[in-house]
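J.: Residue strings, one per chain:
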Amino acid sequence: MSIAAVAILSIVGAGLVAVAFGPDLLALARRRPRGHRRTPTGDPSHHLPDPGRGLRAERRAEQLLREVLGEESYEAYRALGFLCSYGASEGADGIPSYGYLIYPHKPIVSFDVRTGELLSEYCVNFPDRSEPEHGERLPDADDVLAKWMALRGDERGLIDAANMHLPGRQLDPGHVRRDIVRLSEWTGRSTPAPQGRAGSP
Amino acid sequence: MKLVRMKSGHGDLLLAEGDPEVAEEEAELIEAFRRQLDQGMWAAVPTQDAGGRREATMVRDFAEVPRDAERVIFFPPAAGG
Numbered sequence: 000m001s002i003a004a005v006a007i008l009s010i011v012g013a014g015l016v017a018v019a020f021g022p023d024l025l026a027l028a029r030r031r032p033r034g035h036r037r038t039p040t041g042d043p044s045h046h047l048p049d050p051g052r053g054l055r056a057e058r059r060a061e062q063l064l065r066e067v068l069g070e071e072s073y074e075a076y077r078a079l080g081f082l083c084s085y086g087a088s089e090g091a092d093g094i095p096s097y098g099y100l101i102y103p104h105k106p107i108v109s110f111d112v113r114t115g116e117l118l119s120e121y122c123v124n125f126p127d128r129s130e131p132e133h134g135e136r137l138p139d140a141d142d143v144l145a146k147w148m149a150l151r152g153d154e155r156g157l158i159d160a161a162n163m164h165l166p167g168r169q170l171d172p173g174h175v176r177r178d179i180v181r182l183s184e185w186t187g188r189s190t191p192a193p194q195g196r197a198g199s200p
Numbered sequence: 000m001k002l003v004r005m006k007s008g009h010g011d012l013l014l015a016e017g018d019p020e021v022a023e024e025e026a027e028l029i030e031a032f033r034r035q036l037d038q039g040m041w042a043a044v045p046t047q048d049a050g051g052r053r054e055a056t057m058v059r060d061f062a063e064v065p066r067d068a069e070r071v072i073f074f075p076p077a078a079g080g
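Line by line, the protein sequences are chains F and D. Take the first sequence: its letters are residues 0 to 200, numbered as in numbering that gives the first Met the number 0. Take the second sequence: its letters are residues 0 to 80, numbered as in numbering that gives the first Met the number 0.
Keep in mind that the hints were calculated from the coordinates and are not lab data. Watch out, some of these pointers could steer you wrong.
As the list claims (entries may be wrong) - Here are a few chain D residues that sit away from chain F, every Cβ distance over 12 Å (derived from the structure):
hint : residue
1    : K6
2    : D11
3    : E23
4    : E25
5    : A31
6    : E69
What the hints assert, rightly or not - If we take Cβ atoms under 10 Å as the criterion, some of the chain D residues that face chain F in the derived model are:
hint : residue
7    : H9
8    : L14
9    : G17
10   : P19
11   : A22
12   : R34
13   : L36
14   : A49
15   : E54
16   : A55
17   : T56
18   : P65
What the hints assert, rightly or not - Reference excerpt, derived from the structure (chain D facing chain F, CB under 7 Å, subset only):
hint : residue
19   : L13
20   : A15
21   : G39
22   : T46
23   : G50
24   : R53
25   : F74
26   : A77
27   : A78
Beta carbons: idealized from backbone N, C-alpha and C, even for Gly.
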């Protein structure tokens with residue numbers, strides 16, 4: 000076969016391919032966005048999530064809690080997972096009549112200091128709507144510190160803002176009772192006593 | 000004195016810092032304080048008495064903040080959960 004024949008056959012073949020698939024290839028090319036890039040570089044809509052952000056926020060919040068409540072309360076929070084604040088009313092023996100267990104992002108539980116009886120659950124939170132991309136939840140340590148400060152500074156105001164329920168609505172009463180025992184063991188007393196009024200168990 | 004704010008995704012953020020006994024710095028502290036209250040934030044001042052007992056006071060005006068307070072902490076208002 001001569002070179003000329005091969006060239007003619009190639010041209011004819013290319014023509015047939017163009018006729019058969021040309022319209023589809025053209026439509027595909029038109030559908031493809033002009034500004035398409037293989038990488039998201041330079042595209043502000045592509046924000047990679049930062050997995051360390053929440054951890055860093057929690058560390059900062061714990062540091063604030065430590066500075067505000069002191070080393071002892073901070074260590075108690077780290078060990079027990081909650082804070083405690085005692086009510087203002089005190090009996091003749093100086094022991095407060097009630098206290099609060101303050102859990103992060105869970106209800107506050109009031110209890111009778113002498114008997115350990117659970118009194119109420121107070122469902123309350125501090126939704127931060129300033130930056131929706133980060134959610135509304137404060138870091139755990141910030142949440143418990145905010146509850147503690149509000150209880151110490153304006154107990155009635157916080158209780159009024161909360162939804163009050165009987166014990167057991169959200170938290171397992173058995174678990175809370177065990178926490179009261181853990182609290183007593185941590186402080187080395189048979190019952191949580193007034194030394195912890197400042198929030199330290 | 001430091002003014003800090005609790006924020007989701009951040010932990011606490013420093014809003015302003017200054018000496019309230021210096022007029023110019025006090026003005027900056029007052030401005031930052033008012034901005035937070037205008038946004039609906041609650042403000043608390045942690046305190047510690049001579050015996051080491053920790054307490055907190057809720058404040059609604061900069062004039063209520065003790066002059067020797069180390070920090071004022073702002074946080075979102077409470078809502079029933």
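J.: Work down the list of hints and note, for each, if the structure agrees.
T.: Hints versus structure:
1. With a minimum CB-CB distance of about 6 Å to chain F, D:K6 fails to clear the 12 Å threshold, and the non-interface call is violated.
2. Against the 12 Å criterion, D:D11 falls within the reach of chain F, whose nearest CB is about 5 Å from its own CB.
3. The non-interface label for D:E23 is consistent with chain F: the shortest C-beta to C-beta separation is roughly 27 Å, beyond 12 Å.
4. Against the 12 Å criterion, D:E25 stays outside the reach of chain F, whose nearest CB is about 23 Å from its own CB.
5. With a minimum CB-CB distance of about 15 Å to chain F, D:A31 clears the 12 Å threshold, and the non-interface call stands.
6. Non-interface call for D:E69 relative to chain F: violated, since the shortest CB-CB distance, roughly 8 Å, does not exceed 12 Å.
7. The beta carbon of D:H9 comes within 5 Å of a beta carbon in chain F, closer than 10 Å, and the hint placing it at the interface holds.
8. Checking D:L14 against chain F by beta carbon gives a least distance of about 12 Å; that is not within 10 Å, so the hint is violated.
9. For D:G17, the interface hint is violated, since its Cβ never comes within 10 Å of a Cβ in chain F; the closest pair sits about 19 Å apart.
10. Interface hint at D:P19: violated, since its Cβ lies 19 Å from the closest Cβ of chain F, which is beyond the 10 Å cut-off.
11. For D:A22, the interface hint is violated, since its Cβ never comes within 10 Å of a Cβ in chain F; the closest pair sits about 28 Å apart.
12. Nearest Cβ of chain F to the Cβ of D:R34: about 12 Å, over the 10 Å cut. The hint is violated.
13. With a cut of 10 Å, the hint placing D:L36 at the interface with chain F is violated, because the nearest CB-to-CB distance is about 14 Å.
14. Violation of the interface hint for D:A49 is found here, the shortest Cβ-Cβ separation to chain F being roughly 13 Å, above the 10 Å cut-off.
15. The criterion of a C-beta within 10 Å of any C-beta in chain F is met by D:E54, whose closest approach is roughly 5 Å, and the hint holds.
16. Taking 10 Å as the C-beta cut-off, the interface hint given for D:A55 holds, the closest approach to chain F being about 4 Å.
17. Look at D:T56: its Cβ gets to within about 5 Å of chain F, closer than 10 Å, so that hint holds up.
18. At about 13 Å, the closest approach between the beta carbon of D:P65 and any beta carbon in chain F exceeds 10 Å, and the interface hint on this residue is violated.
19. Evaluation of the D:L13 hint against chain F yields a violated restraint, the C-beta minimum of about 10 Å exceeding 7 Å.
20. At its closest, the beta carbon of D:A15 sits 16 Å from a beta carbon of chain F; the interface hint therefore is violated under the 7 Å criterion.
21. Interface hint status for D:G39: violated, as the beta-carbon distance to the closest one in chain F is roughly 10 Å, over 7 Å.
22. The interface hint given for D:T46 is violated, since its Cβ lies 9 Å from the closest Cβ of chain F, which is over the 7 Å cut-off.
23. Here the hint on D:G50 is broken, as its CB sits about 9 Å from the closest CB of chain F, past 7 Å.
24. Hint status for D:R53: holds, given a least beta-carbon distance of 4 Å to chain F, under 7 Å.
25. Nearest Cβ of chain F to the Cβ of D:F74: about 4 Å, under the 7 Å cut. The hint holds.
26. Because the beta carbon of D:A77 sits about 4 Å from the nearest beta carbon in chain F, less than 7 Å, this interface hint is met.
27. The closest approach between the C-beta of D:A78 and any C-beta of chain F is roughly 6 Å, which is under the 7 Å cut-off, so the hint is satisfied.
When held up to the earlier numbered hints, the structure conflicts with 1, 2, 6, 8, 9, 10, 11, 12, 13, 14, 18, 19, 20, 21, 22 and 23 and fits the remainder.
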